[in-house]
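*Asks:* If you want the building blocks of each chain, they are given just below.
There are 2 protein chains.
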Amino acid sequence: MNKIPIIEIFGPTIQGEGMVAGQKTMFVRTAGCDYSCNWCDSAFTWNHYMQSEIKQMTAIEIYNELKNIGGDCFSHVTITGGNPALLKDLEYFVDLLKENEIKISLETQGSKWQGWMLKIDEITLSPKPPSSGMKLDLDKFDMIINNLSKNNVSIKIVIFNDIDFDFSIEIYRRYKGIPFYLQTGNEYINETNNLILTQKLVEKYTWLIDKAINNEEMKDIKILPQIHTLVWGNKRGV
Amino acid sequence: MNKIPIIEIFGPTIQGEGMVAGQKTMFVRTAGCDYSCNWCDSAFTWNHYMQSEIKQMTAIEIYNELKNIGGDCFSHVTITGGNPALLKDLEYFVDLLKENEIKISLETQGSKWQGWMLKIDEITLSPKPPSSGMKLDLDKFDMIINNLSKNNVSIKIVIFNDIDFDFSIEIYRRYKGIPFYLQTGNEYINETNNLILTQKLVEKYTWLIDKAINNEEMKDIKILPQIHTLVWGNKRGV
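From first to last, the protein sequence lines stand for chains D and U.
So in our numbering the end of the first sequence lands on 238, straight run, no missing numbers.
So in our numbering the end of the second sequence lands on 238, straight run, no missing numbers.
Rather than coming from a laboratory, the hints here were simulated on the basis of the structure.
Please note that the accuracy of each hint is not assured.
Below 30 Å or equal to it, Euclidean Cα-Cα: the simulated BS3-like pairs (lysine-lysine) are [unchecked claim]:
hint : chain 1 : residue 1 : chain 2 : residue 2
1    : D       : K235      : U       : K219
2    : U       : K103      : D       : K204
3    : D       : K103      : U       : K112
4    : D       : K88       : U       : K219
5    : U       : K103      : D       : K211
6    : D       : K135      : D       : K204
7    : D       : K219      : D       : K140
8    : D       : K219      : U       : K219
9    : D       : K119      : U       : K219
10   : U       : K88       : U       : K112
11   : U       : K211      : D       : K235
12   : U       : K235      : D       : K103
13   : D       : K219      : U       : K211
14   : U       : K200      : D       : K211
15   : D       : K235      : U       : K204
16   : U       : K150      : D       : K211
17   : D       : K150      : U       : K200
18   : D       : K200      : D       : K112
19   : U       : K219      : D       : K3
20   : D       : K204      : U       : K204
21   : U       : K135      : D       : K67
22   : U       : K204      : D       : K103
23   : U       : K150      : D       : K176
24   : D       : K204      : U       : K200
25   : U       : K200      : D       : K235
Listed next, the stretches of chain U that the computed footprint assigns to chain D, with coverage defined by at least 3 CB atoms under 8 Å from CB atoms of chain D [unchecked claim]:
hint : stretch
26   : 4–17
27   : 42–50
28   : 67–74
29   : 199–209
30   : 217–229
Keep in mind that this is a model prediction, so the values were computed, not measured.
Glycine residues also receive a C-beta, built at the ideal position from the N, C-alpha and C atoms.
Please model the complete structure; the sequences and the hints are all you need to start from.
*Replies:* Here it is, written out as structure tokens:
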């Protein structure tokens, strides 16, 4: 069976972001990304220092590891990265979860298409704003949104500054009707004092709320913090 | 036109709880409640000290006030209390919002039924756990859940202690398939230092997450904090 590059498997815990915020879930984080965002909080999925941490695993091995650590405590799995949409062979794993009646969420930036995305229960597409240093391919993003028009899909944009916010207005306008989430970015990924981190994140979140609630164009939106960072700080694997 | 007792109207802001967490919304808070929960964070809606704050308003007056303070910045209104489901005449207001293409959320404990609840876009029923000192009428709750079976309804339970958690398991079991939210209670409604409050709330939230993620029965649930309390503390009107 084909192998999938995995950087971490953990849970059960809660999903801290977007349309499934608060959901009790297991996480499967794939290695590799076609992006390298300036502020990536999971750079260990793509920077070369972490190559030795990557495990090549079959779908069954991943599933067994989930059962091994999650036992009988879960019915939901989140696939995130990196960019899982780089991996055609994730289809085997997606099918295996479906066979076992496990709900699946996917997190991806919307730069790549895979047929298995149609089988996902909850899809978060997170186009990266200008502060990432990445450039969104709008034609490709249009195609992906169209392909998923009958699925449970949402758009989530992480906001670091005013320019990112302006970008989010353009995306909101272009994809009106798709559930739309704004989220504060975490600029403080090296902050180890959780109390200071929480204070800074709450301040940033308040800034984003103020901008969004006073905007006349973006009416039907949700504005969320990264809940897990408020709770666990910059710790990995929670 | 019949008048509705209103204790506050504010926004735009974000919804801090449950199925619509993060939603940009206006709030309309009705006065009066059939409950008097020990830890109620909106006791000003029902305790007699606040009688003088209640305004009797027609549907049109409420709508005009929303436009007056929210301008053209909103397309979503949350009706909360107190218990709005005490008020038959809210139907006029609900119809007026619908005519103006405004989405409506309702927050109620599930102790009273009103026909206009069928017109609400997102309904949160929050049966009160034992720590509230209230007793849930399960037959009535069954009836309300049945009436709303084709609507976008969720159950949210606020948890203060182990006994509340056990109660939430019973409710989860009884209404399987209904989107289910656990939320930490705020025991610190007199805490004015926001930093201390945030710390305490995060600790409590971590406690609830730990209990919930290790429970084998409650698999498909969302566990959320009161986001607005993390941001604004115990301040009213935000």
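*Asks:* All hints are to be evaluated individually against the structure, with a verdict given for each.
*Replies:* Taking the hints in turn, this is what the structure says about them:
1. D:K235 - U:K219: Cα-Cα ~24 Å, so holds.
2. U:K103 - D:K204: Since the Cα atoms of K103 (chain U) and K204 (chain D) sit roughly 28 Å apart, the hinted pair holds (cutoff 30 Å).
3. D:K103 - U:K112: Outside the cut-off at roughly 34 Å; violated.
4. D:K88 - U:K219: holds (29 Å)
5. U:K103 - D:K211: Holds. K103 (chain U) to K211 (chain D) sits at ~21 Å (cutoff 30 Å).
6. D:K135 - D:K204: holds (24 Å)
7. D:K219 - D:K140: holds (26 Å)
8. D:K219 - U:K219: violated (33 Å)
9. D:K119 - U:K219: holds (21 Å)
10. U:K88 - U:K112: holds (10 Å)
11. U:K211 - D:K235: holds (20 Å)
12. U:K235 - D:K103: Answer violated: K235 (chain U) to K103 (chain D) is near 38 Å, above 30 Å.
13. D:K219 - U:K211: Distance of about 36 Å is beyond 30 Å: violated.
14. U:K200 - D:K211: Roughly 28 Å separates the two Cα atoms, so the pair holds.
15. D:K235 - U:K204: holds (19 Å)
16. U:K150 - D:K211: violated (36 Å)
17. D:K150 - U:K200: violated (42 Å)
18. D:K200 - D:K112: violated (33 Å)
19. U:K219 - D:K3: Holds: K219 (chain U) and K3 (chain D) sit about 29 Å apart, inside 30 Å.
20. D:K204 - U:K204: Given that 30 Å is the threshold and the Cα spacing comes to 23 Å, the pair holds.
21. U:K135 - D:K67: violated (39 Å)
22. U:K204 - D:K103: Cα-Cα ~28 Å, so holds.
23. U:K150 - D:K176: Status holds; Cα separation ~25 Å.
24. D:K204 - U:K200: Holds, at about 20 Å.
25. U:K200 - D:K235: holds (19 Å)
26. 4–17: It holds, with 4 qualifying residues against the three required.
27. 42–50: Result for this restraint: violated, n = 0.
28. 67–74: Three-residue rule met by the stretch 67–74 of chain U, so holds; n is 4.
29. 199–209: That given contact holds, which follows from 5 residues of the stretch 199–209 of chain U lying within Cβ reach (below 8 Å) of chain D.
30. 217–229: Three-residue rule met by the stretch 217–229 of chain U, so holds; n is 9.
The structure fails hints 3, 8, 12, 13, 16, 17, 18, 21, 27 (numbered hints given earlier, in ascending order).
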